[in-house]
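Given the coordinates of chain A, assemble chain B onto it according to the supplied hints.
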Amino acid sequence: MALQEKYKQLTDAAAAEGISNLQVREQDNVLYIDGVATSGASKDKLWDIYNRIDPDYRSGDLVMNVNVAAGSGSKARVTTESSNLNIRKGPGTDQPIVGKAEKDSTVTLLSQTNDQWWLVRTDDGEEGYAYAQYLTIQ
Amino acid sequence: MKITNILFSVLLTASMFIMSCGQKDSDIQASVEEKLKSNADMGAPMTVSVADGVVTLTGECKDEACKVQCEQLAKSAKGVKSVINNATVAAPVVVSTDNSLESSVRDATKDHPTVTATVNDGVITLTGDINRSNLPKLMQSLNTLNPKKIENQLTVK
Chain A
1 MALQEKYKQL
11 TDAAAAEGIS
21 NLQVREQDNV
31 LYIDGVATSG
41 ASKDKLWDIY
51 NRIDPDYRSG
61 DLVMNVNVAA
71 GSGSKARVTT
81 ESSNLNIRKG
91 PGTDQPIVGK
101 AEKDSTVTLL
111 SQTNDQWWLV
121 RTDDGEEGYA
131 YAQYLTIQ
Chain B
139 MKITNILFSV
149 LLTASMFIMS
159 CGQKDSDIQA
169 SVEEKLKSNA
179 DMGAPMTVSV
189 ADGVVTLTGE
199 CKDEACKVQC
209 EQLAKSAKGV
219 KSVINNATVA
229 APVVVSTDNS
239 LESSVRDATK
249 DHPTVTATVN
259 DGVITLTGDI
269 NRSNLPKLMQ
279 SLNTLNPKKI
289 ENQLTVK
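Taken in order, these protein sequences are the chains called A and B. Under this note's numbering, think of the first position of the first sequence as 1, with each following residue one higher. Under this note's numbering, think of the first position of the second sequence as 139, with each following residue one higher.
Looking at chain A on its own, in the form it has when it is part of the complex (with noise of 0.2 Å):
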């Protein structure tokens, strides 16, 4: 109920930025939110509230899983921090490496294989998979 309390501006925020499947739950002295954004902006607002509520989110209290929801045919951005982005055979950074996707290129999303893993094809019409965080739904 404490916790409520505290994330309550950011619980708020994610009613108002009409996050689906929003779920509030808490358990063992943690929060978890859960939902799927409709757009990238929307998910960075979120973080941005949860960052000035618990500044470096050195609490440990709140699990936030918000996704940006994206159809297959979507396009990305890849946001990575210098380097290309991998793409791989599988869903995993231990599978082999099949091709690179340049930074700021645009790739084309296939299928979500899970919160972290998309199938993807490049520009070059490669396909294969890729780090999620590092692709920014447009």
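Derived by calculation from the structure, the hints in this document are not laboratory data. Computed from a predicted structure; not experimentally measured. Every residue, glycine too, gets a C-beta built ideally from N, C-alpha and C. Some hints here could point you the wrong way.
[Stated by the list, open to error] A short list of chain B residues far from chain A (calculated; beta carbon distances all over 12 Å):
1. T142
2. D163
3. S187
4. A189
5. L211
6. N284
[Said to hold, decoys possible] Calculated pairs, DMTMM-like style, for lysine to aspartate or glutamate (alpha carbon to alpha carbon, straight line, at most 25 Å):
7. K8(A) with D48(A)
8. K275(B) with D104(A)
9. K295(B) with D123(A)
Same frame as chain A, but now just chain B:
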């Protein structure tokens, strides 16, 4: 004069008593809401509606016990004839197994060589250091892995 006054007040009390036997739905609603407030396990407040003394509860409870407790509290309110309990129970939080967390944490931290992540009983503990600008990205990916919690002990530069 005095006797009239006494008679009047007796009548007034009696009429109030009679009225309270057939409680107004709005009064019942208020008293049910008041009773539900005492249930500390409730997350978002339950929605209470009343029609002819029949109370309908809608909303989400964290577990089955909480749902039963809400119904009992509602029944105990004055003037309630019966309770329709339409409350739903939230699905419990599913935490990934340590095995699957270990491999997904490895993927998430691969590009952060100065970060060490350990997994124990669903809890991800982060040590080492990181630039503040990279912290949100790392935390965002770890938050999608269904951990029980994330202990961030990183030195943020």
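Each hint, compared with the structure:
1. Against the 12 Å criterion, T142(B) stays outside the reach of chain A, whose nearest CB is about 54 Å from its own CB.
2. Once the 12 Å rule is applied to beta carbons, D163(B) is consistent with being away from chain A; the minimum gap is 29 Å.
3. With 12 Å as the threshold on Cβ separation, the claim that S187(B) sits away from chain A holds: the shortest Cβ distance comes to roughly 21 Å.
4. With a minimum CB-CB distance of about 28 Å to chain A, A189(B) clears the 12 Å threshold, and the non-interface call stands.
5. Chain A leaves L211(B) outside its interface by the beta-carbon criterion, the shortest separation being 16 Å against a cut-off of 12 Å.
6. Distance check on N284(B): its Cβ comes as close as 7 Å (rounded) to a Cβ of chain A, failing to clear the 12 Å threshold; non-interface status is violated.
7. Between K8(A) and D48(A) the CA atoms are separated by roughly 14 Å; this keeps the pair inside 25 Å, and the hint holds.
8. A distance of roughly 17 Å separates the Cα atoms of K275(B) and D104(A); the hinted pair therefore holds under the 25 Å criterion.
9. For a cut-off of 25 Å, the pair hint linking K295(B) to D123(A) is broken: about 36 Å separates their Cα positions.
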